[in-house]
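Undergrad: Take a look at the letters that make up each chain.
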Amino acid sequence: MKRFAQLIKTLDSTNKTNVKVDALTQYFLEAGDTDKVWTIAILSHRRPPRPVNTTLLREWASELANIPLWLFEESYHIVGDLAETIALVVPSSQSSTNKTLTLFLNEMIALKKKKDTDKKAYLFENWKVLNYYERFVFTKLITGGFRIGVSQKLMTRALAKATEIDEDILAYKLMGNWDPNTISFQQLVLEENKNDYLSKPYPFYLGLCFGRNS
Amino acid sequence: MKTPLLQFTDKGIYCKQADVYLDPWRPVDKAIITHGHADHSRWGNKEYITHHKNIPIISHRLGEIKSTGIEWGETFTINNVKFSLYPAGHIIGSSQVRVEHKGEVRVFTGDYKTEDDGISTPYEAIKCHTFITECTFGLPAFKWLPQQEVLSDINNWWQENKNEGKTSILFGYSLGKAQRLLKYLDTGIGTIYTHGAIENMTEVLRPLASFPPTKLITKETTKKDLPGNIVLAPPSAHGSSWIRKMVPYVTASASGWMTFRGARRRRAIDKGFVLSDHCDWQGLLSSIEATGAEKVICTHGYSDIFSEISARIRL
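Keeping their order, the protein sequence lines are chains L and D. In short: position in the first sequence from 1, add 633, done, that's our numbering. In short: position in the second sequence from 1, add 1403, done, that's our numbering.
For reference, chain D alone in the conformation it holds in the complex (with noise of 0.2 Å):
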């Protein structure tokens, strides 16, 4: 039997023709690497191939590593297959990866959304016989709603809060969604602060995007400088002795997952807003019906429930 160009290992997504694995969960020599998330790169491999707006992430998060950055639609070849990158729109930098070899197509989405967020570069559609597709939120109740009218929400609560001499905390991962948020939060409110880890990878990308000021909490910050203003923080930093310093505050989680109220309840964070940098329901499919895949093979999330929709769809 052929061996297929892209297969699933205990390593990660292994590409055997041209000995490259696809975002790895275990160091290997080659790694092709879509985005700057912890689960997409992780630490010891020899060599990373990635965009080259992803390199500063990454070497931030792995310090010293071996890189190589490539450009949008860029074609580089490895053992006769043909490798290029494609935006994903997920965070700065993220990609899918095209692999071509001897006629057959296939690409791998990495973590995708196809609302253009401002900030990364808009996902692209990529002709392909098989599309491995991340299907995080592969469910019919996940739709969201257009990111101005949730940003705007978000002001508003913000807003609200500040007229009640409150502090607003909002979390959101370090890299990427912390980012969004800040991008669009109203100063004409009030100052922004951030926690370390935020303040830290913001940094990073001031170079790559243009974001409002910031201010790093420290130990110099009075309990008097925060009421009325917004503090950007991990959602780890949740219940910690940090946050609690900041008492009176309000806190909202900005992710897919508030979709559901019992998410939001679980975590025990008064205000949840649904703002996701993955595709919901129905850009999964739209994008799979772009693509013209005669395969679609689904990672992450509701996998299951999704290969079966999208199996029959095709039918």
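Chain L on its own, in the form it takes in the complex (with noise of 0.2 Å):
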């Protein structure tokens, strides 16, 4: 988790698309391979569906900012983003987490089927311990949205450049259905696969002109 908040902070800092481009690609590059396909899974909106509903997210932030609901509110109007205005009116924390992204994700699929007092619980717990960047990126998962400003082919870009696997190739490979619980980074990038091929189209010769005796 470490690793990707900083991935979207720098993607996050920056307007300068071949800036954003590296970026992923040293991501690619460095990740392990469960958190890289979840990582193409959430920037192809594969998400997984939301845990805790946002009028629950509000009411439990300002109780840990330890302010009114109507502030938190006033303050949300202001920022205009919900995972952010979270992440800086709860009490700030210095430490970090060495928990990978793929944990925090299978974490947020089972909360969705728990009560409600161990969905408090488990926000609670992070929303402590995370520093600034991270509860952010945690609460920004929560909730849902992850649009940073990075398009699917963008990301399949910097993972043609990781992988030095043709672009087109890589774009047909990530079409589809595929669940990012159970499918490997070898079975989704890696591989090669006959049906990868099909999607080109024939490349037709528009400028050749057939002629009377053809």
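No wet-lab data here; the hints were simulated from the structure. Everything numeric in this text was worked out from a predicted model, so none of it was measured. Some hints could be false.
What the hints assert, rightly or not - Computed footprint of chain D on chain L, listed as stretches where at least three residues anywhere in the stretch have a Cβ under 8 Å from a Cβ of chain D:
1) 646 to 656
2) 719 to 732
3) 755 to 762
Unchecked claim - Mimicking BS3-like on lysine-lysine, the simulated pairs with C-alpha atoms at most 25 Å apart in a straight line are:
4) L:Lys-649 to L:Lys-794
5) L:Lys-649 to D:Lys-1648
6) D:Lys-1565 to L:Lys-642
7) L:Lys-786 to L:Lys-761
8) D:Lys-1569 to L:Lys-642
9) L:Lys-635 to D:Lys-1674
10) L:Lys-649 to D:Lys-1627
11) D:Lys-1626 to L:Lys-649
12) L:Lys-732 to L:Lys-642
13) D:Lys-1433 to D:Lys-1414
14) D:Lys-1648 to D:Lys-1622
15) L:Lys-642 to D:Lys-1674
16) D:Lys-1565 to D:Lys-1546
17) L:Lys-649 to D:Lys-1565
18) L:Lys-649 to D:Lys-1569
19) D:Lys-1674 to L:Lys-649
20) L:Lys-635 to D:Lys-1546
21) D:Lys-1674 to D:Lys-1698
22) L:Lys-642 to D:Lys-1546
23) L:Lys-761 to D:Lys-1546
Idealized CB from N, CA, C, for every residue including glycine.
Can you join these two chains into the complex? Each is in its own frame, and there are hints to help.
TA: Listed below in structure tokens is the structure:
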């Protein structure tokens, strides 16, 4: 998670496409395989469903921040992003986490079926120990929205650079139904598959003129 | 009904008993000025009363003015109303105004911060009955880190940009923020270049505090002088042709508003450092507490929200 939060921070702190692609490429070269699969899933709109509804998130965040709910709502209104508001108002922590992104996402999937008291305990536990940016990313994953200015195409381009697999083939591999929980990086990205090439359109020679005798 | 000692009028905060305005926004005869920022010290008043360190600043900005310089804690009386100035810690020469009449004390903070920045005289809490406080950052989302941490992040950022052969452009207001940044920039990394507005203001302040040397960017400054070095510029220079000559560069802004990702992104700035010359949420609450005031009036920023919370705290 630490590495993922660092990636999001870099992506978030630049307006330059090349810097974003380089940061993603570096991430794909360094991160663990399951974390890479989850990152691809998150950046291609395959996030796990939201485990806690936003009404509860607001109530619990204002409770931990020790501020009345109306003041939390006013702050949210001005900040404009729920995960960011929560990360800002809860007491700050300088510690960090060693848990992987995969572990966090598995916990969030399991959390959906749990009781509210367990959900609250889980959130408090993490909000208290994560540093600001990790807390923001963690809450962003919980709220389910993860638009951070990186398109699927940009992510695919970075993945192509990191794996040296053709970008179009990768784009095809990442299409369709796959479950980040069950598929490995090897199966999703690295394995050669004949079907990968089926999507390549036949290179019609549009400029070719058919003569009368052909 | 008794006239309040300080009242809000269309010209600014007014003390009728002494016929004096505090930081008036329209020309008046007698004005007490908290500090040199343009929204607090405006042109056209017949007389300016302010801390003596603020006089060179407002004279630089406003030209020929009639001014009286006051020391911290020195009392001056106008029509039996006692006035005195106390440090506000916002920028060099920034003051709070204490007004006393017939046993009633009111304090107007102007802009202030509770953290000692090592340049301006640190803020002092003044006991009063009514506390008129600014609350620019009066929301719990605003929490400042100690300036040392932020400033070392800024120097690290400069060093990283230098390693990549880029020019670092750091935006901050030309009075106050620019000098606070300048004071702590690490000259071991490279040369500090300045925009004209910042260079001029820094020259005015050099007799009042020590700052590292700076180099003004002029027509003679060539493209190859800048990479690896840092440029201090006012926010208005962002996107100007003046900046475009500095390619390849990376931009950053140092401001309390950089707390919000959206604020930075809307300004299309690469990096945001959260460094403010105002109080954060906790700073506001603790300074209110320290004044022991029965009544708190909020101006600037999220004043409605903050008034609500400060009223509830007092209950």
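Undergrad: In ascending order, which of the hints set out earlier in this document are inconsistent with the structure?
TA: The structure conflicts with hints 3, 7, 16 and 21, although it agrees with all the remaining ones.
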